[in-house]
Amino acid sequence: MTDTKIVVNCETGETTVVTLTSEEIAQREADAAAFAVEQAAREEAEAAAAAAKESAQAKLAALGLTADEIAALSK
Amino acid sequence: MANMIPISTVTIGSGGAASIGFIGIPQIYTDLILKISLREATTNNGVAKLKFNGSASGYSARLLWGNGGSVGSSTNYTGSGTYYGADGTSNGSGNTANSFANAEYYIPNYTSSNNKSISLDGVAETNATAIFMGLSAGLWSNTGPITSIELTEFAGGNFSQHSTATLYGIRKY
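Order-wise, the sequence lines are chains A and B. Per the working numbering, the first sequence starts with residue 1, numbered consecutively. Per the working numbering, the second sequence starts with residue 1, numbered consecutively.
No lab work stands behind these hints, which were simulated from the structure alone. Be aware that one or more of the hints could be misleading.
[Stated by the list, open to error] Pair ranges (Cβ atoms, derived):
{"no.": "1", "chain 1": "B", "residue 1": "N115", "chain 2": "A", "residue 2": "T2", "range": "32 to 42 angstroms"}
{"no.": "2", "chain 1": "A", "residue 1": "A58", "chain 2": "B", "residue 2": "E104", "range": "49 to 59 angstroms"}
{"no.": "3", "chain 1": "B", "residue 1": "N142", "chain 2": "A", "residue 2": "E54", "range": "43 to 53 angstroms"}
{"no.": "4", "chain 1": "A", "residue 1": "R42", "chain 2": "B", "residue 2": "S117", "range": "16 to 26 angstroms"}
{"no.": "5", "chain 1": "A", "residue 1": "K53", "chain 2": "B", "residue 2": "P145", "range": "38 to 48 angstroms"}
{"no.": "6", "chain 1": "B", "residue 1": "S57", "chain 2": "A", "residue 2": "A50", "range": "29 to 39 angstroms"}
{"no.": "7", "chain 1": "B", "residue 1": "E104", "chain 2": "A", "residue 2": "L63", "range": "45 to 55 angstroms"}
{"no.": "8", "chain 1": "A", "residue 1": "A50", "chain 2": "B", "residue 2": "K172", "range": "39 to 49 angstroms"}
{"no.": "9", "chain 1": "A", "residue 1": "D68", "chain 2": "B", "residue 2": "T9", "range": "47 to 57 angstroms"}
{"no.": "10", "chain 1": "B", "residue 1": "N142", "chain 2": "A", "residue 2": "E23", "range": "16 to 26 angstroms"}
{"no.": "11", "chain 1": "B", "residue 1": "S57", "chain 2": "A", "residue 2": "R42", "range": "18 to 28 angstroms"}
{"no.": "12", "chain 1": "B", "residue 1": "A137", "chain 2": "A", "residue 2": "T2", "range": "35 to 45 angstroms"}
{"no.": "13", "chain 1": "B", "residue 1": "A97", "chain 2": "A", "residue 2": "L65", "range": "40 to 50 angstroms"}
{"no.": "14", "chain 1": "A", "residue 1": "A58", "chain 2": "B", "residue 2": "A56", "range": "29 to 39 angstroms"}
[Claimed, not checked] Covered, in the sense of this in silico footprint (three residues per stretch, anywhere, with C-beta under 8 angstroms from a C-beta of chain B), are these stretches of chain A:
{"no.": "15", "stretch": "2-8"}
{"no.": "16", "stretch": "13-27"}
{"no.": "17", "stretch": "57-68"}
Virtual Cβ for every residue (Gly too), placed ideally from N, Cα, C.
Throw the hints in and build the complete structure from the sequences for me.
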């Protein structure tokens with residue numbers, strides 16, 4: 001299937017469907033690759049933060065803090 | 001009293017489309033509002049991005065986001081170092097079937113000879129606990145008036161049928 005874009009001219013109201021150029025397709029592929037890298041990095045950072053939080057809560061519990069006391073620390 | 005005047009609307013037809021473009025934007029308003037309702041099928045969570053005047057540089061932004069389980073802040077997705085995108089601007093295959101993300105961009109003083117500010121408020125509508133939403137403040141470091149806007153899907157997919165984008169002009173009188 002040919003990739004297309006929709007363009008509306010706000011002055012005339014005319015809407016056209018345009019086939020992507022090879023440059024636009026290449027840019028699109030580059031952006032998709034960059035997006036995947038950024039997405040993976042962020043998911044990794046989120047997972048690391050969640051693991052650190054869980055570890056900290058476990059250490060606090062081992063020190064004798066109750067669940068309510070641990071929760072109060074983050075409010 | 002400010003008036004919000006519709007300029008143009010695009011609705012994606014069957015087969016989808018890689019991007020939505022507004023060209024020839026009238027220079028008679030004070031501000032612009034772009035309201036979008038988008039979905040794409042290739043990624044779990046879609047992200048739409050904007051490009052002004054075909055420019056591939058000068059974009060920066062900060063994002064606040066929540067996903068139903070955690071919150072955070074970050075610089076916006078920059079992709080190839082050019083574009084402006086944020087969570088909650090496009091639904092993906094991970095969202096409820098046939099649901100669309102809703103978002104609004106506000107672009108004040110788009111005809112001015114100063115750099116352009118942009119704000120964004122978006123949410124990926126879905127019937128689940130985990131749902132992305134984002135607020136963002138952005139900057140396009142360019143002093144030219146905005147005459148065209150292009151919306152594309154960051155992960156390289158097509159916007160699905162029934163996705164829409166409407167551009168409004170704001171008059172302050």
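- [ ] List, from low to high, the hint numbers that the structure doesn't satisfy.
- [x] 2, 14 and 17
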